[in-house]
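Participant: Every letter in the sequence shown is one number past the one before it in the working numbering, and letter 161, counting from 1, is 153.
Keep in mind that the hints are not guaranteed to be accurate.
Quick list of the computed label-pair ranges, beta carbon to beta carbon [to be verified]:
| hint | residue 1 | residue 2 | range |
| --- | --- | --- | --- |
| 1 | I17 | T160 | 43 to 51 Å |
| 2 | E126 | R100 | 18 to 26 Å |
| 3 | V120 | G46 | 17 to 25 Å |
It should be emphasised that the hints constitute simulated quantities derived from the structure, not laboratory data.
Where a beta carbon is used, it is the ideal one built from N, C-alpha and C, also for glycine.
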Amino acid sequence: TVSPDGRWIVSGSYDYTLRVWDAAIGVQQSVLESDIYEVSTNVQQQSVVKGHTGWVAAVAVSPDGQWIVSGSGDMTVRVWDAATGVQLSVLEGHTGAVRGVTVSPDGRWIVSWSADGTVRVWDAVTGVQQSVLEGHTEYVSAVVVSPDGRWIVSGSYDETVRVWDAATGVQQPVLKGHTRGVTTVSVSADNQIIESVDWDNVTIRWSMSTWTKVDDGTTIEKTAISTSSSLSLPGSQWV
């Protein structure tokens, strides 16, 4: 993933480490016990930070660029100071490998999702678990927070999309329509439409006011996928 100001790159690896690199000169700044892949053959590693005891599956950066969040096969979420590489907190609660992490638009909370079928919300400052979002019956594959921070949207191999009130954890009507596992989810910039894509590359768009399909499933070619497992479409605004 890339910092909000575009100055540095963070990567995670099967060697249990995270690495932070200067995006301009390719020098490694720090190692956060989860490896960073080289962006090109002439990139020099800047720094490494250790802490995870399993492979690092996901990384995210806070909106202000002050801290880095990582999720791992060791079932933990860890928070690191982006400038110093110091580990700030360890968030424990998942009972399966953590497969993804993201941060709310205002930077106040962290969302993680796991092979245990849950989505968890944590206070970014205290590290206290705020809620456990349960309902999926299979592996949670993708999660995104709406741009206004009001909703958490999750997709799963159970072929459903679920929407949760970020403040209360209350689940909205389950969005059913896919016949294969959901792989990516995204929310339009105006907070009106959810888009989900499944293993067959079928895309369904859902209204966030009625929780119903906007159109029938159609097959389209996937484009860029962000670290929050959201789909970016040409000529439109999605997160």
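Participant: Against this structure, judge whether each hint is valid.
Facilitator: Evaluation of the provided hints:
1. I17 with T160: 43 to 51 Å: Roughly 46 Å apart at Cβ, these two residues keep to the hinted range, so it holds.
2. E126 with R100: 18 to 26 Å: holds, 22 Å
3. V120 with G46: 17 to 25 Å: holds, 23 Å
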